[in-house]
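*Asks:* With the hints as constraints, model all of the structure from the sequences given.
There are 2 protein chains.
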Amino acid sequence: MSFEEMWADLLPVGRDAASGGYHRFAWTPPELDCRAWFLDEARRRDLEVEHDANGNMIAWWLPAGGARDGAVLTGSHLDSVPGGGAFDGPLGVVSAFAAVDLLRERGTAPGRPIGIAVFAEEEGARFGVACLGSRLLTGAIDPGRARALTDEDGNAFADVLHKAGLDPASIGPDEDLLARIGCYVELHVEQGRALSEPVGIASSIVPHGRWRFGFIGEGNHAGTTRLRDRRDPMVPFAEMVLAARASAEGNETVATVGKVGVTPGGVNAIASSVTAWLDARGPDDAAVQRTVTETHDAARRAGRAHGVEVEVEQESYTEVVDFNQGLRERLAAVLGDVPVLPTGAGHDAGILSSRVPSAMLFVRNPTGVSHAPAERAEPADCLAGVEALTSVLADLANG
Amino acid sequence: MSFEEMWADLLPVGRDAASGGYHRFAWTPPELDCRAWFLDEARRRDLEVEHDANGNMIAWWLPAGGARDGAVLTGSHLDSVPGGGAFDGPLGVVSAFAAVDLLRERGTAPGRPIGIAVFAEEEGARFGVACLGSRLLTGAIDPGRARALTDEDGNAFADVLHKAGLDPASIGPDEDLLARIGCYVELHVEQGRALSEPVGIASSIVPHGRWRFGFIGEGNHAGTTRLRDRRDPMVPFAEMVLAARASAEGNETVATVGKVGVTPGGVNAIASSVTAWLDARGPDDAAVQRTVTETHDAARRAGRAHGVEVEVEQESYTEVVDFNQGLRERLAAVLGDVPVLPTGAGHDAGILSSRVPSAMLFVRNPTGVSHAPAERAEPADCLAGVEALTSVLADLANG
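Protein chains in written order, with our numbering: chain A, 1 to 399; chain B, 1 to 399.
Derived from the structure by calculation, the hints contain no laboratory data. Note that the coordinates shown come from a computational prediction; the quantities given were computed from them, not determined experimentally. Using N, Cα and C, we set each Cβ at its ideal position, and we do this for glycine too. Treat the hints loosely; a few may be bogus.
Chain A is faced by these chain B residues, among others (derived, beta-carbon under 7 Å) [unchecked claim]:
(1) 219
(2) 242
(3) 256
(4) 307
(5) 369
*Replies:* In structure tokens:
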């Protein structure tokens, strides 16, 4: 299967016909279809698939002799945000298969194992913690906390794992697997307008996290409850949205409220509670922390003024990640004069970098749009990405 | 079946075990169960049930001789807001059956027909237009517009009627039925803290309406999209919430945003659109209109500043309703010195009053809470309500 054929097979999976956006949440039917596609592509190439305890999968191309150590890992993820684009995640997996095909066509036999990884729940769209699969693998999240995470329908992560045939008691760091990985190189579509060449190398991931704000007021009738008798959680929530924006401007960070839940959600009823999620990212930990603190302070002040209780919980936080200097230099030596750029987006490569030398290749995004249907990469740039990844894998697996 | 037995039968229908709130949306299974309960109670009393073309039902107690004109109509509705209370609507229907029982126990035979009405979709919780059944009956909404209304899952009102065995082509004003109604008296739980006696008489319903605000921006990645490149609809939406509150304070109205929809709703994605509903009510049309206009202006200004398109559509509006003076005086003569009070809540009696003399009885609400699980009326007050309604029906049906 060529790059184009693999792409065409994945394209309809989980795609909303009206908006063109993808809904591939971890272990839901569309994401399971993506996993089945991955297993088919691995089988087609005689790659041996390893299922780890955390829901991640690796398709291995082993060297003659069957050595399993010092592996060169590539890949990405197949899940999406709600209404996401086609490229975020799948581009890295499809490109990895295409790179293996190119290496074989060119007669390159790997001196070290090459693995194509699919990490589970990278977007955190179902259980609220981004990079859940790689966090579990590397020990960046407590397995007990992970087991208790629930999706919007109240399904616990532990139960979803169990239904998927995995043992929830076995999740957590996998030192054996980590010890076998020599390095990880993830190819990904760039997610802003920062890359003007077809391919670039990531320097760092800026610190980022998500915080859940709960506003607890009192439900009541929208017509008969006087303003002064209200404990309307919608008002301090609105103050919080504006405070987050203002604080981001002041601290040169970005802050986003993209998900909101209102209970009970009736037009003629004052809400009893509002839950909202803040995504904040910035150049350094202090700037992000200031943004969250200022937003929280404003929410609390508004809550006090309206008799509304305000709770905040940090759902995830990732400090700045500087990708491995040696590995970056090696990629640059292979690829020549390509741009080197930081990114505001989290990735499994950022999580893995705490345990194994990690790096990323970016493919140009002409629209600058991501996490939305207009996310795009030109076919020629995708093929340039495959060529770059092929060269990098050849170098790393035989260097 | 006594009042208490009828109440006990209805109590579990559509009740959420965790919150205690009711979810009885028009023609959903819990509301269909309520309708089945109504038909059983009518059958038990040998009342003849009339199904009109608009989804409303009337259980008739006809006078000896079978005259059908000059009817005294009572009743209310059985649907609820999301997470609503037990009393809003059902109290009027249960009290009407109990009043018929009392009249019969006391040997009162009606000189005119007495009808117990259940009006469809009073809350507008499913199709967005409050009092949809009574609006159709009286011609207060265009049948074509009503047919095209859709619920959150995209089901058209016409299709839902069709599935319920009704002919969507036949909906609209029913002059024959209207001509047979001499007057309408609706008993309802009071929805604030305005009534200090067990029973009161309504003077008027203040003007009220609902407006749908659409904020159309551009979905994008929460981490990689610079603030200045964003068209984030959440920000002008938040400005709109605060403007509505401020404008309500300035105009001595009430304004509520209790329902919000965010697309796509991902934590790490800037929303592409936000839809929010404004409920506004006040002492006069001009004050309500100023509140809506000021809120709209603020939303538009914020939209322009953020590259977000703002659309507003009035979903419903009801001008001030002064209940029929003659009928109110007659109720006061029957009940003696009871409080007379206006209400900020809309009711089918308000819609019917444009075509037939209408009035309302209120039963005291000790918590002042409504449209929420804490909504309540004391048993003694409920029985006082039944006594009052019984006296009123006896007077109107034989006076």
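*Asks:* So, for every hint listed, does it hold in this structure?
*Replies:* How the hints compare with the structure:
1. 219: Holds, about 3 Å.
2. 242: holds (5 Å)
3. 256: Interface hint status for residue 256(B): holds (4 Å vs cutoff 7 Å).
4. 307: violated (14 Å)
5. 369: With a closest approach of 5 Å, the residue 369(B) hint holds.
In summary, the structure is inconsistent with hint 4 from the numbered list given earlier, while agreeing with all the others.
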